[in-house]
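Undergrad: Sequence:
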Amino acid sequence: MKFTKALIYLNLFFLQSYLIRFDIGSYPSNLQEVLIGIMAISFLGEVIRTKQTKKVLKNIRKHWILIAFSTLTLLSLILVPIFNFIDLARHLKFLFFGLIFAFVLVETLNKKNEQEKALKLAGYGAMAFGIFSVIFNLLGYNIAHDLRLLGPLDAAVYLGYYLAPFFIYFSIKSFGKPTRKHILPAVILGLLIIATKSMGALGGTFLVLLAYLLKNYSRKILKNSLIKVILTIFTISIIAAIISTKVMPTLNTEYSSLDERGEIWKVSTELLKEPKNLLLGLGFGQFEHHYIENADQVLGKTPLDYHVIQPHNIFLLFTFHYGILGLAIIIFLITKVLIRLIKKEDVKEFDQIILFTLLYFFIHGLIDTPFFKNDMMILLLTYLSLGFSRKATN
Numbered sequence: 033m034k035f036t037k038a039l040i041y042l043n044l045f046f047l048q049s050y051l052i053r054f055d056i057g058s059y060p061s062n063l064q065e066v067l068i069g070i071m072a073i074s075f076l077g078e079v080i081r082t083k084q085t086k087k088v089l090k091n092i093r094k095h096w097i098l099i100a101f102s103t104l105t106l107l108s109l110i111l112v113p114i115f116n117f118i119d120l121a122r123h124l125k126f127l128f129f130g131l132i133f134a135f136v137l138v139e140t141l142n143k144k145n146e147q148e149k150a151l152k153l154a155g156y157g158a159m160a161f162g163i164f165s166v167i168f169n170l171l172g173y174n175i176a177h178d179l180r181l182l183g184p185l186d187a188a189v190y191l192g193y194y195l196a197p198f199f200i201y202f203s204i205k206s207f208g209k210p211t212r213k214h215i216l217p218a219v220i221l222g223l224l225i226i227a228t229k230s231m232g233a234l235g236g237t238f239l240v241l242l243a244y245l246l247k248n249y250s251r252k253i254l255k256n257s258l259i260k261v262i263l264t265i266f267t268i269s270i271i272a273a274i275i276s277t278k279v280m281p282t283l284n285t286e287y288s289s290l291d292e293r294g295e296i297w298k299v300s301t302e303l304l305k306e307p308k309n310l311l312l313g314l315g316f317g318q319f320e321h322h323y324i325e326n327a328d329q330v331l332g333k334t335p336l337d338y339h340v341i342q343p344h345n346i347f348l349l350f351t352f353h354y355g356i357l358g359l360a361i362i363i364f365l366i367t368k369v370l371i372r373l374i375k376k377e378d379v380k381e382f383d384q385i386i387l388f389t390l391l392y393f394f395i396h397g398l399i400d401t402p403f404f405k406n407d408m409m410i411l412l413l414t415y416l417s418l419g420f421s422r423k424a425t426n
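For what it's worth, the numbering used here labels the leading residue of the sequence shown as 33, then goes sequentially.
Among the hints, erroneous ones may be present.
Label-pair ranges, simulated between beta-carbon atoms [to be verified]:
#	residue 1	residue 2	range
1	Gly77	Gln329	32 to 42 angstroms
2	Asn326	Ile268	35 to 45 angstroms
3	Lys87	Leu111	31 to 41 angstroms
4	Arg251	Glu292	23 to 33 angstroms
5	Leu111	Ala160	39 to 49 angstroms
6	Lys380	Ile215	45 to 55 angstroms
As a list, the in silico DSS-like pairs of lysine-lysine whose alpha-carbon atoms are at most 27 angstroms apart [unchecked claim]:
#	residue 1	residue 2
7	Lys333	Lys305
8	Lys94	Lys375
9	Lys94	Lys152
The hints are simulated quantities; they were obtained by calculation from the structure and are not laboratory data. As the structure is a prediction and not an experimental result, all values here were calculated from the model. Built from N, CA and C at the ideal position, the CB exists for glycine as well.
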């Protein structure tokens, strides 16, 4: 399946090609969807040509993560009324292409060295896109008022979130094998994340990498005073940055991202008081509609922003999408990741990279949830599939 593999690598390198938007007739599409569509057709063609249809069908049951997302979405569509069909279509499209991509990737790249090669290539693509974003900003385009690094046609938080998994990858590789090919990308990606001023990405990656170091090098850290000093300085710097960019604006101004989140969580809490909303959710991709309908009454004033697509918390997101079953599955996944990381027996480096990246998604998900978006959905489902779907050979 050489051609399909090539298309997978191409998709991963140009993951942000969803920004290249156009119409196919009356259908609004983007380059990412076209590439995934071609990849899927190539995969099906090669499966039929090599007479592996039965084998692939048999393997479907091993992709229980993808089945769970599909089943929960179908149940939500059947049981919960839909009010905003545009948001529904957008969420369904992101999920659909993410499911296809994750399935084809895991079925095609069934060796861990191939999977790692794919993630490394995606990391180079993220680095290239980050550098392109810097040039784009320096030329005077898409500049934020607070001079945050923005991706073209994209928010800083999305760019930081997109870069973070690959910063984690190259950083962990640098800890194990401190060579230029790992250290240089880690440094570049780290600087790009700092430039986005995304405290979720910065704080989340720091916590995850600190947890990795403590799990794998705790004895060396405890014995080395210099390392302890460096980690202490980093910790103080991260805390200071979060306080100065998030906490102080909340205390000293009438608007900050924390103020907005406070309003979102207050309205969300009120929505959850309705037993039906907790049991079945608000409907797949329907949070914004319900927020607009209830925000004024719950807050007793005009909210800072009406256009809130997601509830900015991973537990609320899955509950509002899928109800109590959604909450159960995200708690289950977080528990599974933590158990596998806490186990005393050694976990191989690549498996640790996957698990710690998932841990990052969960940590960042406590304050932001940009999952249901083209490239973010692909990242989430791909890492979940690599961590929990059919096992790859070494």
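Undergrad: Within 35 to 45 angstroms or not, the Cβ separation of Asn326 and Ile268?
TA: 40 angstroms, holds
Undergrad: Checking one constraint from the list: CA of Lys94 to CA of Lys375, max 27 angstroms. Satisfied?
TA: Between Lys94 and Lys375 the Cα gap is close to 23 angstroms, so the pair holds against 27 angstroms.
Undergrad: Kindly confirm whether 31 to 41 angstroms is satisfied by the beta carbon distance between Lys87 and Leu111.
TA: For Lys87 and Leu111 the Cβ distance comes to about 34 angstroms; the hint holds.
Undergrad: Against the range 39 to 49 angstroms, how does the distance between the Cβ atoms of Leu111 and Ala160 compare: consistent or not?
TA: 43 angstroms, holds
Undergrad: Is 32 to 42 angstroms right for how far apart the beta carbons of Gly77 and Gln329 are?
TA: Once the Cβ atoms are compared, 55 angstroms apart, the range 32 to 42 angstroms for Gln329 and Gly77 is violated.
Undergrad: Below or equal to 27 angstroms on CA atoms is what counts here, so check Lys333 against Lys305.
TA: Roughly 20 angstroms between the alpha carbons, so the hint for Lys333 and Lys305 holds.
Undergrad: Starting from the range 23 to 33 angstroms, see whether the pair Arg251 and Glu292 falls in it by beta-carbon distance.
TA: The hinted range 23 to 33 angstroms is violated for Arg251 and Glu292, with Cβ atoms some 43 angstroms apart.
Undergrad: With the threshold set at 27 angstroms, check whether the alpha-carbon distance from Lys94 to Lys152 stays at or below it.
TA: 25 angstroms, holds
Undergrad: Within 45 to 55 angstroms or not, the Cβ separation of Lys380 and Ile215?
TA: Between Lys380 and Ile215, where Cβ atoms are some 21 angstroms apart, the hint is violated.
Checked against the numbered hints above, the structure breaks hints 1, 4 and 6 and satisfies the rest.
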